[in-house]
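Just need the whole structure built from these sequences, with the hints factored in.
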Amino acid sequence: MAPTVPSAAKSASPSQPSGKSEVADLKQQLRQLAGSRAPDADDQRRDVFKRVISCMTAGIDVSAAFGEMVLCSATSDVVTKKMCYLYVGAHARAHPDLALLTINFLQRDCRDQDPTIRGLALRSLCSLRVPNLVEYLVTPLTTGLKDPSAYVRMIAAVGAAKLYHISATACIDADLPASLKALMLSDPDAQVVANCLHALQEIWTLEAASSEAAAREIETLYSKPVVFYLLNKIKEFSEWAQCLVLELASKFLPSDNNEIFDIMNLLEDRLQHANGAVVLATIKVFLHLTMSMTDVHQQVYERIKAPLLTLVGAGSPEQSYSVLCHLHLLVMRAPMLFSSDYKSFYCQFSDPSYVKKLKLEMLTAIANESNTYEIVTELCEYAGNVDVPIARESIRAVGKIALQQYDVNAIVDRLLQFLEMDKDFVTAETLVLVKDLLRKYPQWSHDCIAVVGNISSKNIQEPKGKAALIWMLGEYSQDMLDAPYILENLVENWDEEHSPEVRLHLLTAVMKCFFKRPPETQKALGATLTAGLSDTHQDVHDRALFYYRLLQYDPNVAERVVNPPKQAVSVFADTQSSEMKDRIFDEFNSLSVVYQKPSYMFTDKEHRGPFEYSEDLTNLTVGAENTENVISAQRYQENDNDLLLSTSDKEDNGTRASNGSSTSTYNAPSDLIGSSLISSQTPAETSLINTSGPTSSSQSSFNLDDLLGLGVTEAPAPPPPVLSLNSKPVLDPGTFQKKWGQLALALSQEFTLSPQGAASLMNPQSLIRHMQSNYIQCIASGGQPPNYKFFFYAQKDGATAFFLVECIVNTASAKAQLKIKADDGTAAEAFSTLFQSALSQFGS
Amino acid sequence: MPPDIYRPSYPRIPSPAIPAPATQRLLPDGGDGRPPRIPSPPAARLLPTAEARARVSRRPPPSVPVAGRPRGSPPLRSPRSVPVAGRRPGSPFAGHHKLDCQTPSFSRHQLFLPASPNLACAGASAVPNRAMISQFFVLSQRGDHIVFRDYRGEVPKGSAEIFFRKVKFWNDDEAEEAPPVFNVDGVNYIHVKVAGLFFVVTTMVNVSPSLLLELLQRIARVTKDYLGVLNEDSLRKNFILVYELLDEVIDFGYPQTTSTEVLKSYIFNEPIMVDAGRLPPLGPAAMFMQGTKRMPGTAVTKSVVATEPGGKKREEIFVDIIEKISVTFSSSGYILTSEIDGTIQMKSYLSGNPEIRLALNEDLSIGRTGSASHDYRSSSGSGTVILDDCNFHESVHLDSFDIDRTLTLIPPDGEFAVMNYRITQEFKPPFRVTALIEEAGPSRAEVLLKIRAEFSANVTANTITVQMPVPSYTMRASFELEAGAVGQTTDYKEGSKRLEWNLKKIVGGSEHTLRAKLTFSQESHGNITKEAGPVNMNFTIPMYNASKLQVRYLQIAKKSKTYNPYRWVRYVTQANSYVARL
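These protein sequence lines map, in sequence, to chains A and B. Take 1 as the starting number for the first sequence in my numbering and just add one per residue. Take 845 as the starting number for the second sequence in my numbering and just add one per residue.
Keep in mind that the hints were calculated from the coordinates and are not lab data. All residues carry an ideal CB built from backbone N, CA and C; glycine is no exception. Any given hint might turn out to be false.
[Said to hold, decoys possible] Take a look, some chain A residues computed to stay more than 10 Å from chain B by CB distance: (1) ASP175; (2) GLU202; (3) LYS738.
[Claimed, not checked] Using 25 Å as the maximum straight-line C-alpha spacing, the simulated SDA-like pairs for lysine to any residue come out as follows: (4) LYS235/A with PRO1273/B; (5) LYS343/A with PRO1273/B; (6) LYS523/A with GLN478/A.
Right under this line is the structure:
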């Protein structure tokens, strides 16, 4: 962008840059002013400096004027001095040699009479970020920490952290951390104390990677003497420093309940603070302290409700958004506790949509027997909202509530009323919900079908809605008089149907309908299979082929596979694992809560997945519906040939679909459905049919494999004696997270590290590298001595199955807790052995 | 949930005495060099519960004379006979909730407690989330840098441009706004919008979003304190001053002080004033500048630090009671929900920081039990103001609040919220809104909007906007204003399919109607009322407060007999979400 400040001329400010020539002009003027002793030189200098800073702000490169700026730096005017400092701080790194010129006057200013000048000079001196100037920093810093003025000490404390970043050794060698610590525990000025704490945390955290002593120092920060000392002074701190102290206190591990209650009683009045950051930091302390005390923990929830709601109402929309995110987290954790506050989560006209989305989720979560009627009534109002995304969310919310309630009677009526609104997107969303509802509560089919039957499929444009309607037509074709004819119509327009999802559903629906009402559907089925077999989308093609083969093999078997009695789905999969939620809860009062992701997913640069606002929470569909997945896209190429081969057979197939026809006119590509293949699979298929669960999703999973010629039937092999791992497995954090949430725990073990192993675990990287050499990859790690936590993964060589491991190591006790999850549970034991042997070699 | 679930104090479990300290090295001595003391167990020290507070509030009124109704004729001066100056018994509040852990004892092994797996060990969360700001910048609406400060040099170049693009094109299809907090390529961008400008910080670590959002808001306010008016022009003119402020407010990414008062001694630039008169008013204080002549409009745009042309600062203090109300009417006119979010805002131009006492309604009670929070009791007619909850600025001392509902404080310079409160108690809404839409032929409909102002005739609401979404297939709308309508405009917003009706002012007790004829591009099908609405209303009513919360008096401790600063107590009610369903 070109921020040449368009309003330059209009605002007539003397400080507006106009371009590159400006820099040359400025240099010229600075040179003239450098030696000037004119009475108004100071004013002129101020003016020119101002223009330089203005250019700098606008993004113009003014580093060329560095020499001239330094020449003009000798001034007694504080305003000019500050501008000069600002400039020098921003450009010194690019001009380390010239920066040396500034050292002189900065050092002199560090000894000035006026504490303000001393402080300013010290701050600028430390901000130069030039490594070869480090030697000039140590002395002013050491004196600065002992300065009689709190202002200077405060700046010196932060200066120590700056020095550490320029040269860690210089900072440690000068023993600055020790001075900081002494100052933190003795200085009468609260901001000095706070800055010492900031600096110590930063220095020691970074230092801890290589030094055990530093790791221990961090522990002392969380120790009772320090935490209590700071907490007792809490009111002396500025509100920002209070947040710092409270954050520290939330990490404190009290030794008994007395300490917990002492701290909570002390901090109780912080909950009435007008600053939301202080209140949230206090709440974090309360929640974490009472983690193990269920009753008190619940009391805390009750206590913090009102202050949080007040904060949502006060302040700017941005501030309330952050508070609302935290409220959202708490509501999701303990919805019952908020069930009487539901009106606080009604959407307001002025709420931005990101706030409305949060509120809808909260309303969904807290709906229970006592408030469902009101909540659903309110949500129904939003369904007609002009804001379409919110209207959609509202409809989904109603559906979600219906799915989690016992008494869905009234809600079903409401949902059906949506269908009468006659808005395209409303109808589409509602159909999806009605379908899910029927999967869970088949007893409502009678009422729903009566209404759904009146909907013309022509009015539905959205694939999801259309697919849902088709699913219902197939599933309830007995109850819907026109079902075969509607389906037939849809099949006729097969080529105009762009969504493969809809075509897949159509295929299955016709198939189901055929078994229920054979004579009426026979013609449609033939047409469908023909169309399906020549479809360009491989899933559609494969499924058509599968149905065809099944029918060819034995229609009765086909019926049992495709159209078994449905079992109601009791629980729809939750998209976010409770583990993930716990992690976010641990990180209360941080960005994790706003992003709804644990911090490793967005702070760790190497493991960061694609970042976006997840809408997963509202996605109800599972299994069979998710046909548009990555795998299918990848397989597209493989199946290209099959698709092409079958197209030519289209014309011959009009009469093919008679029941159990063994004399098919279909010239199938022999490599795929040769009779030998079918016969060879016979026992397997039968066994599969017998064992296959009656859930609708089972079919889609095995038809793919079957058609791809994969060994579906291969019985789970006994775990191989020796497990070999893929040397270069690839797993992205998002998939890891999903898998971790979905898979059941296969093994949980405790492991004792060798003493050498425990000793060499100075930082996570050492173990990560070691495990990598054993083909076990780390996806995330963290922790501070003595506790580290790792997430590892590995892949079985030559297979797609992954192993996931959570490993918590305590170096003090040399114990490691292992939790292993595996795609292939049978191999978990073998993997565990392998993992442990790798771990035991660590450090040796 | 039983209403008394939250006991006055978290329960204590008796425990044996803590062993004497094993080492002295780490022991803080509290700065006074005294030897460590063995802690004594504290008594129940929690703030009294709501019920307890409500009970104490029934005390007889204090002997301090009440200085008339502040709504009457500001400025309002407290009677001279009240000796306020003597009433400062040190700092009675300090130490009130203090713990016994002044000099903690510990045994050595406690120093190196292993982190509990529950908390500290949970993966990356063990990294303390410190407030480390990488950059701060202010962008104009067009994306120009007005101020840009990099504190840690760790964020790649071009962050301001990345931010601006992201905010501008967040979700174009659905016209969604960018949330205040987002992450692009590992850089976290946190922003607030103030006076049409973006105040942004970036950070690489997992910080507290609330802290940064509060800080940004505070930086904006401190800047406003200094410049008098906060807008693009004033910021551009004073950018050097803003840099000076930023140097003191944030050091190496750590927030330092945001107190206008403390900052004064480090700021050397004189603010360059912009002409406030020609600028569009911004912020809550601006509402006093319109419609009502009684308010000293320029005063609120005065810099806290700058001296006036006369060389002397006028001694004055402003107390604004600002209430944002949210009401939802059902289609039959019932109130479905109502809430008041109120703020007592103060802006002090007093020299020498005198102590101030602010007295609220004596019968004010705080806290409603959860279960009763939304059933509207008929008792609301009794005039008792019941706050659901409230919070206070740091400077406020509450020691006499439980007794006589007075707040004691030494106001810091500049603008700040003394108290925020929330009320869900039923109140009388200032406007009744009736909206009707009826079909009038195959592709036509008629809309009738009616507003009745249900407040007294000496109060006038201003800048009223009424919006009503109409069916999406509406092509045209023709309006018919009432006879003799003055200062009213109407518009049909084609893009957003809304009717808009603007009224300059509405006098209490009056009623206004608007009729509109809609022409559709197709025949309406089904229920037309489901396709339109709800009606939303925006307004500002100066000198009116919905909650009946009052400032009974405002006392300023006197420095001398002749010291008599101006004090202004002002009320205003604004619509936050004022919705009538069809």
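Hint check results:
1. Residue-level check passed: ASP175/A sits 15 Å from the nearest beta carbon of chain B, beyond 10 Å.
2. For GLU202/A, the requirement that its beta carbon stay farther than 10 Å from each beta carbon of chain B is not met, with the minimum near 7 Å.
3. Annotated as non-interface, LYS738/A keeps its C-beta farther than 10 Å from every C-beta of chain B; the closest such distance is 17 Å.
4. Between LYS235/A and PRO1273/B the CA atoms are separated by roughly 40 Å; this puts the pair beyond 25 Å, and the hint is violated.
5. Between LYS343/A and PRO1273/B, the direct Cα distance comes to roughly 18 Å. Compliance with the 25 Å bound is thereby established for this hinted pair.
6. Under the criterion of a C-alpha separation no larger than 25 Å, the hint pairing LYS523/A with GLN478/A is consistent with the structure, at around 17 Å.
Violation of the numbered hints given earlier is confined to hints 2 and 4; the remaining hints are satisfied by the structure.
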